[in-house]
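S.K.: Starting from the given sequences, assemble the full structure and let the hints guide the process.
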Amino acid sequence: MAATTEQIAPETAAVRLGSESIRRSDGRAGAVLGKVLIAIFVVFMVLFILGPLLWLAIHAFVTNWTFPNLWPDGWTMRWWTTVFSDPALGAAVQNSLVISPIVVLCSALICLPAAYAFARYDFFARRTFLVGLFATNAFPKMGLFATLASLFYALNLMNTVVGIVIVQIIGTVVFMTWIPAAAFAGVPRSLEEAARDAGASKIRVFFTISLRMALPGILVAAVMSFLASFDEAQGTYLVGAPQYFTMPTEMYTLVLNYPKQVAAVFSILLSIPSVVLMLAARKHIMGGQLAEGFQIR
Amino acid sequence: MALPPILLVLLFVGFPVVLALAFSIGFTGGLNSIVAMIGLNVHHADNWWGTFAAYADVFSNAQFLQDLLVTVVVTVVSAVVVLFMAMGIGLYLRMRGGWLANVLSGLAVVPLFIPVVIASWAILTFYSGDGFVRSVFALVGLQGPTWGYTVIAIVIGSVWTSLPFAVLMVASGLQAIPDAMIEAARDAGAGFVRIAYSIMMPMAFIPIVIAGTFTAIGVIGSFTVPYFTGPNAPTMLGVTLTNYFTTYNEPQQSIVMAFTIFIAAAGIGAFYVWANFRSAKEQGRV
Chain A
103 MAATTEQIAP ETAAVRLGSE SIRRSDGRAG AVLGKVLIAI FVVFMVLFIL
153 GPLLWLAIHA FVTNWTFPNL WPDGWTMRWW TTVFSDPALG AAVQNSLVIS
203 PIVVLCSALI CLPAAYAFAR YDFFARRTFL VGLFATNAFP KMGLFATLAS
253 LFYALNLMNT VVGIVIVQII GTVVFMTWIP AAAFAGVPRS LEEAARDAGA
303 SKIRVFFTIS LRMALPGILV AAVMSFLASF DEAQGTYLVG APQYFTMPTE
353 MYTLVLNYPK QVAAVFSILL SIPSVVLMLA ARKHIMGGQL AEGFQIR
Chain E
284 MALPPILLVL LFVGFPVVLA LAFSIGFTGG LNSIVAMIGL NVHHADNWWG
334 TFAAYADVFS NAQFLQDLLV TVVVTVVSAV VVLFMAMGIG LYLRMRGGWL
384 ANVLSGLAVV PLFIPVVIAS WAILTFYSGD GFVRSVFALV GLQGPTWGYT
434 VIAIVIGSVW TSLPFAVLMV ASGLQAIPDA MIEAARDAGA GFVRIAYSIM
484 MPMAFIPIVI AGTFTAIGVI GSFTVPYFTG PNAPTMLGVT LTNYFTTYNE
534 PQQSIVMAFT IFIAAAGIGA FYVWANFRSA KEQGRV
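Read top to bottom, the protein sequences are chains A and E.
Going by this note's numbering, the letters in the first sequence line up with residues 103 to 399, in that order.
Going by this note's numbering, the letters in the second sequence line up with residues 284 to 569, in that order.
Everything labelled a hint here was simulated from the structure, so no lab data went into it.
All values derive from a computational prediction rather than experimental measurement.
It cannot be assumed that every hint is accurate.
[Unchecked claim] Taking beta-carbon pairs under 8 Å as the criterion, some of the chain E residues facing chain A (in silico):
#1 Ala303
#2 Phe306
#3 Asn315
#4 Leu383
#5 Leu387
#6 Val393
#7 Val400
#8 Ile401
#9 Gly504
#10 Thr507
#11 Leu524
#12 Thr525
#13 Met540
[What the hints assert, rightly or not] Negatives, chain A to chain E, calculated, CB over 10 Å:
#14 Leu135
#15 Asp188
#16 Pro189
Positions of the beta carbon are idealized from the N, C-alpha and C atoms, including for glycine.
M.R.: As structure tokens, this is what we get:
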């Protein structure tokens with residue numbers, strides 16, 4: 103029974119696809135040409151997007167790779183022990199995994215109330231402030247190197263964890279404000295009013311309706327903020343070095359001073375948290391929460 | 284409620300920007316005094332309106348002008364390529380759909396998962412002298428191109444890292460177009476190209492503008508991608524201004540370059556704001 107349905111299904115699908123492509127294009131030749139072009143584009147995309155990542159990932163497990171062979175000279179796990187036994191690299195991993203969650207949490211505390219305000223209230227210069235928050239990302243951070251350092255020295259924030267957290271929060275403000283603001287704006291006012299009419303307090307309405315319905319947007323914002331913080335290298339280096347190194351700042355010294363394979367191992371380690379988080383939030387990111395957040399309302 | 288992030292940004296970005304602006308026109312007192320003391324080739328203002336000597340330094344420097352040109356070219360080329368790819372994938376997803384379209388959009392979003400430092404490093408090794416591309420060419424006895432440490436590698440890296448956001452933006456804009464409009468155009472005899480050009484693109488104008496401007500703003504001030512994949516000279520200004528600060532110890536000149544990038548980015552940003560407000564007006568939201 104199962105076998106027969108399996109046989110029928112692809113046929114009907116093929117018939118449906120075929121008839122549609124005839125209807126939609128000028129003729130058979132055009133459809134074939136289109137399919138060939140698409141196939142070429144897919145192959146190109148696979149090579150373009152995944153090629154560099156795979157090429158680098160394989161390097162983490164090879165003894166040596168002689169040009170121009172497409173197959174490495176031998177396989178080894180030696181580089182993994184190199185990374186795990188190096189205390190500096192271990193400390194960098196630890197720093198990153200501690201600092202980034204703190205940054206996301208602080209950023210949420212600072213920005214989420216603002217996101218709600220931007221979505222629900224019309225106040226003086228609201229749009230100017232929204233755009234202004236974005237402008238912070240447009241100014242090259244390295245250009246602030248000198249004056250930011252002066253400010254941090256004056257406030258005694260240089261070489262402190264608090265200083266690193268502040269520098270990284272700056273990079274997350276846009277995500278944490280814009281995306282949740284769009285999510286809050288998408289919650290129908292009528293629902294909130296209905297709950298109020300039914301006797302729920304303002305706080306109860308906020309937590310059980312507004313916040314819950316905006317949760318996917320907040321989740322996407324949190325993931326994007328985590329990545330921005332986890333990825334941040336320039337500001338962290340300025341404030342943290344030589345006391346604190348995170349994984350990206352360590353990566354800069356790594357690629358210059360270690361064999362290629364060690365950098366490859368480190369790259370895999372550095373990608374794990376972001377890949378896991380992004381997979382968790384994939385549905386909402388692809389579903390338009392991210393795109394929605396970047397249209398000023 | 285909206286105040287905390289605004290205050291944070293004002294204190295830790297706005298205030299340093301103002302300090303930097305003052306420093307760049309020769310006001311070297313106060314919080315700027317330490318930088319002015321350590322830095323080389325610092326110009327001091329001897330009047331109340333400041334001095335533009337540092338700007339004159341930078342804009343008469345042939346190396347800077349070359350880097351500025353590279354920055355502009357890389358930004359424009361990357362933005363155009365990213366927009367074309369995003370439009371292609373978005374249109375295919377909207378008009379045909381199916382598993383292949385999903386595979387394509389899924390692939391395009393992969394770079395969002397990967398930290399930029401790693402992406403740059405991966406792209407450099409892939410296109411370098413002993414990388415995959417040259418190995419494949421060597422397999423069939425050809426001398427492949429070495430793109431590592433060239434401007435081409437910067438463009439490849441910029442496109443790679445910018446693609447996900449553009450695809451998400453453009454695809455969501457195209458998905459929002461009602462089926463009825465496309466069906467109507469199709470019944471009236473419009474082909475794929477005609478529908479794409481006269482219905483899809485005008486309807487998704489705002490998301491397309493956002494994708495383009497955000498890509499350009501991201502690329503124009505980028506540091507990591509050109510630092511890893513690009514040549515030593517000429518390179519993009521993000522790298523040059525870092526060199527001026529750390530290697531040459533000329534903070535004032537470095538800040539002048541930062542303002543050059545910022546003004547260019549602000550120009551691109553103004554286009555984005557204009558497009559948004561235009562659409563808000565059309566829909567009667569203003």
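S.K.: Of all the hints numbered above, which does this structure not satisfy? Sort the numbers upward.
M.R.: No hint contradicted; all consistent.
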